[in-house]
Structure formats: C-alpha cells, structure tokens
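The sequence shown begins at 2 in the working numbering and counts up by one.
Simulated from the structure, these hints should not be mistaken for laboratory data. Predicted model only: the values in this text are computed from it and were never measured.
Here are the simulated lysine to aspartate or glutamate pairs, EDC-like style, with alpha carbons at most 16 angstroms apart:
{"id": "1", "residue 1": "Lys59", "residue 2": "Glu149"}
{"id": "2", "residue 1": "Lys89", "residue 2": "Asp108"}
{"id": "3", "residue 1": "Lys111", "residue 2": "Glu91"}
{"id": "4", "residue 1": "Lys89", "residue 2": "Glu122"}
{"id": "5", "residue 1": "Lys89", "residue 2": "Glu62"}
{"id": "6", "residue 1": "Lys59", "residue 2": "Glu158"}
{"id": "7", "residue 1": "Lys89", "residue 2": "Asp65"}
{"id": "8", "residue 1": "Lys89", "residue 2": "Glu58"}
{"id": "9", "residue 1": "Lys59", "residue 2": "Asp22"}
{"id": "10", "residue 1": "Lys59", "residue 2": "Glu154"}
{"id": "11", "residue 1": "Lys111", "residue 2": "Glu36"}
{"id": "12", "residue 1": "Lys59", "residue 2": "Glu91"}
Label-pair distances were calculated between CB atoms; the ranges are:
{"id": "13", "residue 1": "Ala76", "residue 2": "Thr165", "range": "28 to 36 angstroms"}
{"id": "14", "residue 1": "Asp121", "residue 2": "Pro14", "range": "20 to 28 angstroms"}
{"id": "15", "residue 1": "Trp194", "residue 2": "Ser98", "range": "22 to 30 angstroms"}
{"id": "16", "residue 1": "Arg172", "residue 2": "Asp85", "range": "30 to 38 angstroms"}
{"id": "17", "residue 1": "Val190", "residue 2": "Ala170", "range": "20 to 28 angstroms"}
{"id": "18", "residue 1": "Trp194", "residue 2": "Pro14", "range": "22 to 30 angstroms"}
{"id": "19", "residue 1": "Ser152", "residue 2": "Ile115", "range": "25 to 33 angstroms"}
{"id": "20", "residue 1": "Cys192", "residue 2": "Arg55", "range": "18 to 26 angstroms"}
Don't be surprised by glycine CBs; every beta carbon is placed ideally from N, CA and C.
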Amino acid sequence: MSQEADDQAMVDPDKYAAVADNFVYVHRALRRDLERIIAGGEALFATDFPRFARILEKHSELEDTLFFPPLEQRAPGSTGASVDQHQKIETLVTALSSGSSTDTQADLAKLQQILLSHLDEEEQQVMPAMMEHFEAAEIWALDGRIMEFCSPEFMQEMLPWWFTHIDAADRVCVANNMTVGVPPDVLPVLCQWIAA
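Throw the hints in and build the complete structure from the sequences for me.
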C-alpha cells in the first residue's frame with residue numbers, strides 16, 4: 002500500500018476508517034493472495050486462482066457500481082483511469098480463468114504488475130477523492146449497501162479469505178469497522194462466516 006494512503010489516516014481518521022475496508026484492507030489481501038498464488042506454482046494456481054478471480058471481480062464490480070458513480074457526480078473524471086484498468090485486469094483474469102492463457106506464469110506476472118499499479122493508483126487518487134468529497138457518514142452509507150450486491154454464498158467465501166490474507170492489526174481494524182458499518186443483526190452472521 003502506498004504511504005499516501007497511510008498518511009490519510011492521520012488527516013481524518015473517521016473518513017479513513019470509513020473508506021479503508023474497500024481501498025486499503027481488501028487491496029492488501031488481493032496483493033498478498035496473488036503473490037502467494039504466483040509463488041505456489043501451477044498446482045496452487047489451479048486450486049486457488051478461481052476464488053481469487055471471483056473476489057477480484059466482485060471487488061471491481063462494487064467499485065464500478067457502488068462507489069465510483071457517486072464520486073463521479075461530485076468529482077467528474079476522478080475514476081476514469083480506474084474503470085479502464087478494471088477492464089484490462091478483467092481481460093487478463095478471464096484468459097487465466099478460462100485456460101486460454103498460453104503462459105500462465107507470464108500472464109500471472111503481467112496481472113500482478115497491472116494490478117499492483119492499479120491498486121496503488123486507487124489508493125493515491127480515488128481514496129483521497131472519496132475522503133475529500135464525502136463525509137464519513139456518507140461513505141459508511143455506501144459501505145452499508147455492499148450486501149445488496151453480494152450473495153450470502155459470496156460473503157461466506159470472501160470473509161474467511163479476507164481475514165486470512167490480512168495481518169492481525171488489519172483484522173482488528175476491519176472488525177472495528179464492521180461494528181460501525183454493519184447492522185447489529187447482521188454482525189453475528191458475518192462473524193460466523195469469518196470463523197468458518
């Protein structure tokens with residue numbers, strides 16, 4: 002993650018907490034899991050890349066449909082590069098997932114290069130724009146709508162994956178954020194899924 006994203010926490014901790022799950026902690030998990038898959042070779046790619054691809058696809062979808070449109074209304078042009086990068090990443094992921102890649106390791110390395118650059122760009126451009134143009138309560142309201150876009154089955158797969166691929170300090174931050182952004186009646190269900 003970029004130093005700039007970490008510095009944002011010092012500027013406005015309430016807004017940072019509201020935006021961090023989607024632009025810091027998920028990004029860290031994506032970076033770590035892709036690195037692990039690449040290091041694990043073909044066997045690990047075969048077993049674990051499909052889940053990584055599903056989670057990355059949903060993450061991009063949430064950004065494109067839930068977070069970016071309201072940001073574009075307040076800060077036109079602030080997400081165009083990210084949307085274009087999502088399309089390039091999707092093309093590579095589709096080639097890898099479908100088996101049409103002729104050189105899996107080379108395509109994984111290319112995906113890693115593009116994805117890492119993309120995540121850094123979002124943390125340096127999109128995340129600060131969200132913090133500049135929205136109040137913390139507005140960001141939490143958007144975050145609270147994530148379940149509208151995610152099936153229970155997806156959440157059961159994603160939450161344990163997420164907590165596996167972030168460190169202990171990040172887990173504490175995400176858990177604290179859940180107590181703010183998740184309805185109290187849903188929180189026990191999420192905790193069960195995380196522990197699964």
